[in-house]
Amino acid sequence: MPTIQLDNLIKRYGEVEVLHGIELEMADNEFTVLVGPSGCGKSTTLRMVAGLEDVTEGEIYVDGKPVSHLEPKDRDLAMVFQDYALYPHMNVAQNISFALRLARRPKAEVHAKVKEVADMVGLTDFLHRKPGALSGGQRQRVAMARALAKDSGIFLFDEPLSNLDAKLRGQLRAELALMSQRVEKNMIYVTHDQIEAMTLADRIVVMHGGYIQQQGSPEALFKRPVNKFVAGFLGMPPMNFLNGEIKEEAGDVFVKGNGFSLRLQDEKAQAAKAHRVREVVLGVRPSDLVFDAEAPSDQALTLDVMVSEYVGAQSVLLCQCGADQVTVEMNSETPMALGQTLRFRITPNRVHLFDRESEDAIQSK
Amino acid sequence: MSQAHEKQNPAFYAIIALLVFMSVGPVLLMFVNSFKLDVDIISGTTGLIFLPTIQNYETALCDILWYEPEHLDFCALKFGGAFINSLIIALISTLLTLVIGCMAAYALVRFRFMGRDTVSLTTLMVRMVPPAVLLVPVFGLWNNEFCLDRDGLIGGFIRDTFGGRGDVCLAGTHSGIILVYVAMNLPFVIWILQSFIVQVPRSLEEAARVDGAGPFQVFFKVVLPLIKPGLAAAAIFTFRIAWNEYLLASALSDRNTRTVPILIVNNMSEFNVEWGVIMATGMLLAIPPIIFTLFASRQIITGMTAGAVKG
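One line per chain: the protein sequences are G and L, in this order.
If you count the first sequence from 1, position 335 lands on 1508 in my numbering, and the numbers rise without skipping.
If you count the second sequence from 1, position 230 lands on 795 in my numbering, and the numbers rise without skipping.
Please keep in mind that the hints were generated in silico from the structure rather than gathered at the bench.
Please note that a few of the clues may not be correct.
[As the list claims (entries may be wrong)] From the structure, some residues in chain G lie toward chain L, with a derived Cβ separation under 7 angstroms: (1) 1225; (2) 1258; (3) 1262.
[Unchecked claim] Derived DEER-like restraints, expressed as beta-carbon distance ranges: (4) G:1339 - L:680: 33 to 41 angstroms; (5) G:1344 - L:690: 54 to 62 angstroms; (6) L:668 - G:1530: 54 to 62 angstroms; (7) G:1237 - L:679: 32 to 40 angstroms.
C-beta: ideal position from N, C-alpha, C; glycine also.
Throw the hints in and build the complete structure from the sequences for me.
Right, dumping it as structure tokens:
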């Protein structure tokens, strides 16, 4: 399957530049997820790859060949749209086989392909229905089947699950993950939902404001975000940010802020020591805070519990730490009363430090 | 359902009855009178007691009947020929208007080009010109400008094949009338179809492009089937105007290209108005538009785009 390379891709609408030089390389059989908040340029990037938007500057290479001047039909790709975009005057079978019929493939082949693809997505019983008579999930399956039937090397998804209800979304997400393992294609998937990104992706590309913030495997991005935006965007509930200052006392490096004083360890300490700016933001994921009354005070946060949100096996606590709010995720079996002041141990080396001005992560190289 | 059984205000029924009377009354009158002799019609006895006769229809249809009606010595009325003229002119002008109209409307809606809004507006403004204003200039142009010299190659060929004396002109041909009708109806059709094309979701066209359709395939295989209701509405509109039009047809047609509305008026002279025949011809005239409308209106189904995209 083809490799895709975006070389310094720029998109302008009139005077406004919405994409500022996107550089991206997608390897063979890779599931790439472009993720970011609304208006970050992720859909525009995808539509440029599809050929539905003109490229202002830069070039898209598929297998090393420039394609940005080609029509969508000549780019060897299939696409699933956010709003399904099914042809309402055709039944499911006709929708699925539209591309094949346009390519004038033999009837027997078209028939066999429709059957195969319909089996794959579980639509065999609905082949003669019109899209109007299908439910949302079924329509989304038809859209996927239509893309699958085309048998092209590149598979584009433009927020395909965002119109479905939560339960169906989870189910289809799992089916999609299964499908991506079975079919060997280069997939690009656009979403604003970080859970979809984390669960599906081989490689996540986080975009914000027309720039790529960071790309890499879900694990790498989760564990070593390069800036505050990526750190806050990935993970649910989102990371806690506390303003602090780096202070050195008797050889130890501390981050001190309103209501906490945390001793940094090992590489974090070295990175903080080497860093020029003293004003920092401390980032702690809610899951990295563990209830431990015995924890030493320089390895813990002392929090006032304000609200407890019970979500089954886990509870999410909204707490107050000085002037800042901190969320904590913990086992809901732990006895807990509102208004209590509790101590939570921070797992060492799971804290993140960001420069308060540039918002870049402070990491040792 | 329960709403249907609610008692309505009597005034409501009165208004409905009035509206029904207003719309059905004249047709009914025409129908009844078409079966009367002129004597019965003129005599003013408005009653329904008369001896029905098909004599009027026989007179009207004399040139296509397989027998010779007893009451006629000479078949003056060429209804059959005029009917065929009407059909040719109305159908072809409707077809042309739709083909050109849907393409123009699509271009106006989807393509960006200089002066797009101006074009869109002026098409509607052309619609506001009354046909009577067109009459004199078109008559002059069709008779004097758009002619093929009788000694020329094509003009000579046409004259040798079809006969005639002078130059071969647009006036008096089917094409001449069709051309005027197309020009007259096109703005409105473009305007109607624009509003239908706007409703076709753009992502459908994008999906088709990704699926491998060229611009024309996108138009014919995706857009056109979806604006069928609009096409049907436009077709009904265009057909009825072309079928009923009198003014331009009377000026631009000749003996052989005369349409049915012109034929009807020929039954009036300074000595005699043959009401019976006029009514009978009127009844016959009304049949094709009714059939056409019934056929076309079956295409008007609401919710054609239902299920295309998430609403």
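Going down the list of hints, with the structure as the test:
1. 1225: Where the cut-off is 7 angstroms and the nearest Cβ of chain L is about 5 angstroms from residue 1225 (chain G), the hint holds.
2. 1258: holds (4 angstroms)
3. 1262: Result: holds, 4 angstroms to nearest chain L Cβ.
4. G:1339 - L:680: 33 to 41 angstroms: For residue 680 (chain L) against residue 1339 (chain G), whose Cβ atoms are near 49 angstroms apart, the range 33 to 41 angstroms is violated.
5. G:1344 - L:690: 54 to 62 angstroms: About 55 angstroms separates the Cβ atoms of residue 1344 (chain G) and residue 690 (chain L), which means 54 to 62 angstroms holds.
6. L:668 - G:1530: 54 to 62 angstroms: holds (58 angstroms)
7. G:1237 - L:679: 32 to 40 angstroms: 38 angstroms Cβ-Cβ, so the 32 to 40 angstroms window holds.
In this structure, the one hint that does not hold is number 4.
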